[in-house]
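*Asks:* Residue strings, one per chain:
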Amino acid sequence: MSNKIHKDSYDEARLISLLKQGDEEAFRILVQQYQSRLFGIAYGIILEREESLDIVQDVFLKVWQKIHTFRGDSSISTWLRRITVNQCLNWQRRWKRRFRWHHHPLERDDAGDYPEMGTDDYLPETLYRKKELEEIIQQKLGELPEDARAVFVLRETEGLSYDEIAKLLKIKRGTVSSRLFYARKKLKELLKEYVNEEDL
Amino acid sequence: MNKSKCDPILLSQFFDHELEPEEYDRVSEHVRDCLSCRKSLLDNQSLSGFFRAGLGKTVARTRFDNLEERVLSQVRNRKPQIGNWKFLIPAAAMVAILFLVFPLTGPRVSVSGPSAIVESLTGDTSSVMILETPESRQTIIWFNETLISEDEKNEVQETDHTSIIGCSDRRAGRAGPVRT
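Each protein sequence line maps, in turn, to chains A and B.
Residue numbering for the first sequence follows the numbering used here, beginning at 34 and increasing consecutively.
Residue numbering for the second sequence follows the numbering used here, beginning at 83 and increasing consecutively.
Careful: at least some of the hints might be erroneous.
What the hints assert, rightly or not - Here are the simulated DSS-like pairs of lysine-lysine, each with C-alpha atoms no more than 30 Å apart in a straight line:
hint	chain 1	residue 1	chain 2	residue 2
1	B	87	A	95
2	B	139	A	221
3	A	218	B	87
4	A	225	B	87
5	B	121	A	173
6	B	121	A	218
7	B	121	A	219
8	A	219	B	139
9	A	163	A	225
Since the hints were made in silico from the structure, they are not lab data.
Same shape as in the complex, but just chain B (with noise of 0.2 Å):
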């Protein structure tokens, strides 16, 4: 830029103090002696200063109470849960062992009750009944010695659990007493 010549990129530079101090001696020196470029420099000093003022009005009028509560409510349920990690990660850990060990090494045990009478006989001294159950194909048989009657009966089912006297696990090939 030279005293004939106005380059308005390089003025704005100029006012944003952004040459090299080379450049900013030469353009300096041109805004001393060119009027219309000192109205510019003045025209963007206005322009900052009213909208740095407007702003700063806005920015003053604005109430961030509830930008900072909303913010940290909303932070406080995203909250990463770090304490409840260090405990279901171990607890998480401790069931997997739990299924892993106790199969294997736990007594077997019957899953499903009876859910079907196969066969039933009664005598004048004694009765049996056969229950089964469907998938793990459990056999119970019921003896009962003493001839009662229907009313004793239920009450003996729901009570006297001794009179199981056997069982077989088909599926395992193995039998034995179980209780129900």
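Same shape as in the complex, but just chain A (with noise of 0.2 Å):
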């Protein structure tokens, strides 16, 4: 019987089996599977492109290194969420000691979304409003505490519940509502000044 992963025939069990053995194929099959979703919750808390990937780097080394240690008590994109976040937590603890945290505006190109013809989302004006906005909220995020960040991240890119961000966070639940409260209104207060009315 072939020893092989396939893509296609993906199993976790089989695949963290692989992993231990040290097959590299197995590997490649799990950075391939994971690595947009970890840089999206990196780049969320991050928000800077380079630094994401390398954190994402980072964190698919230390599964390399210490997936002996992975007991499959939770599954293993939990277990890389975990690993994720707190990389990128120490990441800014570091970062905060040396410097103040600014964060400069994000790069802008012409790649997007395409909306639907016929609807008010084609106007050029629609369009070009929404990309500001999603520029600018992008770039007040990071204006938000790292904790409250990280829980916003985690809501609305891995649509986590409450229970799921204070196991990962080692917080209580209560601690990931309030946290969640004040980063969306936070948001809001900070946006205020570009918004119209029918904007948010």
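Hints are included, so try docking the two chains, each in its own frame, into the full complex.
*Replies:* Here it is, written out as structure tokens:
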């Protein structure tokens, strides 16, 4: 029987077993499977593309080295998410010690989604406005405290429940609720000067 | 939360579907009649939509080919050398056994060559040279029966090892012929 694993026939238990044996192909599949997802979390917290890529790289290297310690009490995605969030928060703490946190505007390019024809969303002004708001929100996200930002990002990007976030960040469920409320409230305040009544 | 009082934290939990069914129904009823809470929920929804769209575009614009290669190349460098260990451990064990067994069972051999001529005697028909190793204190007596010229003597020193007739190992207390 072949020991190889194929992306199409993805089986988590088998993947983990192969990873524990040091199978490089299994590791490649793990990277392909989770890289964009983990990058989304890292970018949401860090708001720097290159740094986020470095963090995701570190996460995978950590996984490679520590896979033998993975007991399977949770899914591998939960484990990966936990390592990513911890790496991000550690990264920020490290930088905070050296510099005051500043977030620079995101890179601008013309890539983007195209709305359905025949709707108001197709109007150039609407498109421009949407794009501008998406960028401003990410900029303003950088002004939130990191703990509130992490909760907001996990809720929005991963759709985690309060209990899941609490477990992941080792905080109380009530703290998750209050941080999430604070993050949204603060974002709305920060965006007030940029948005029209109909935007938000 | 009743019809007259708004609770923003409860509303946030309502938005996230984190309320118990009973409480969810109560807030839902309140929201139906409260314009400001409806507005707040719509704001949350827009905020979420814009954030997800922006992040989605950033992720889509990011090239992961590089990341994959970088990770894999680093992994190759850090790959546990299972095959080598499989070879190295028995090899190391074998070397250890050789070190333990041979000094006990094998013949004792001199470990260092002569470093100094202690004494030399030259007669008409024979010459004797006594050499001693500094640490192992082994003595080599070189006896030559015919008188030869200096050139021939050098040649003999390089080739005629049969003229070594004996040595003694003072430390071990044994003597016998040894070839150098």
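*Asks:* For the pair supplied as a hint, residue 163/A and residue 225/A, confirm whether the alpha-carbon distance does not exceed 30 Å.
*Replies:* Holds. Residue 163/A to residue 225/A sits at ~15 Å (cutoff 30 Å).
*Asks:* Against the 30 Å threshold, does the CA-CA distance of residue 121/B and residue 219/A hold or violate the hint?
*Replies:* Since the Cα atoms of residue 121/B and residue 219/A sit roughly 16 Å apart, the hinted pair holds (cutoff 30 Å).
*Asks:* For the pair supplied as a hint, residue 121/B and residue 173/A, is the alpha-carbon distance within the 30 Å limit?
*Replies:* holds, 21 Å
*Asks:* If you draw a straight line from the CA of residue 121/B to the CA of residue 218/A, is it 30 Å or shorter?
*Replies:* Roughly 13 Å between the alpha carbons, so the hint for residue 121/B and residue 218/A holds.
*Asks:* Is the hinted pair residue 219/A and residue 139/B satisfied, with a Cα-Cα distance of at most 30 Å?
*Replies:* Between residue 219/A and residue 139/B the Cα gap is close to 23 Å, so the pair holds against 30 Å.
*Asks:* Is the hinted pair residue 218/A and residue 87/B satisfied, with a Cα-Cα distance of at most 30 Å?
*Replies:* holds, 18 Å
*Asks:* Checking one constraint from the list: CA of residue 139/B to CA of residue 221/A, max 30 Å. Satisfied?
*Replies:* Roughly 22 Å between the alpha carbons, so the hint for residue 139/B and residue 221/A holds.
*Asks:* Against the 30 Å threshold, does the CA-CA distance of residue 225/A and residue 87/B hold or violate the hint?
*Replies:* holds, 24 Å
*Asks:* Would you mind confirming whether the straight-line C-alpha gap from residue 87/B to residue 95/A stays at or under 30 Å?
*Replies:* Since the Cα atoms of residue 87/B and residue 95/A sit roughly 50 Å apart, the hinted pair is violated (cutoff 30 Å).
When held up to the earlier numbered hints, the structure conflicts with hint 1 and nothing else.
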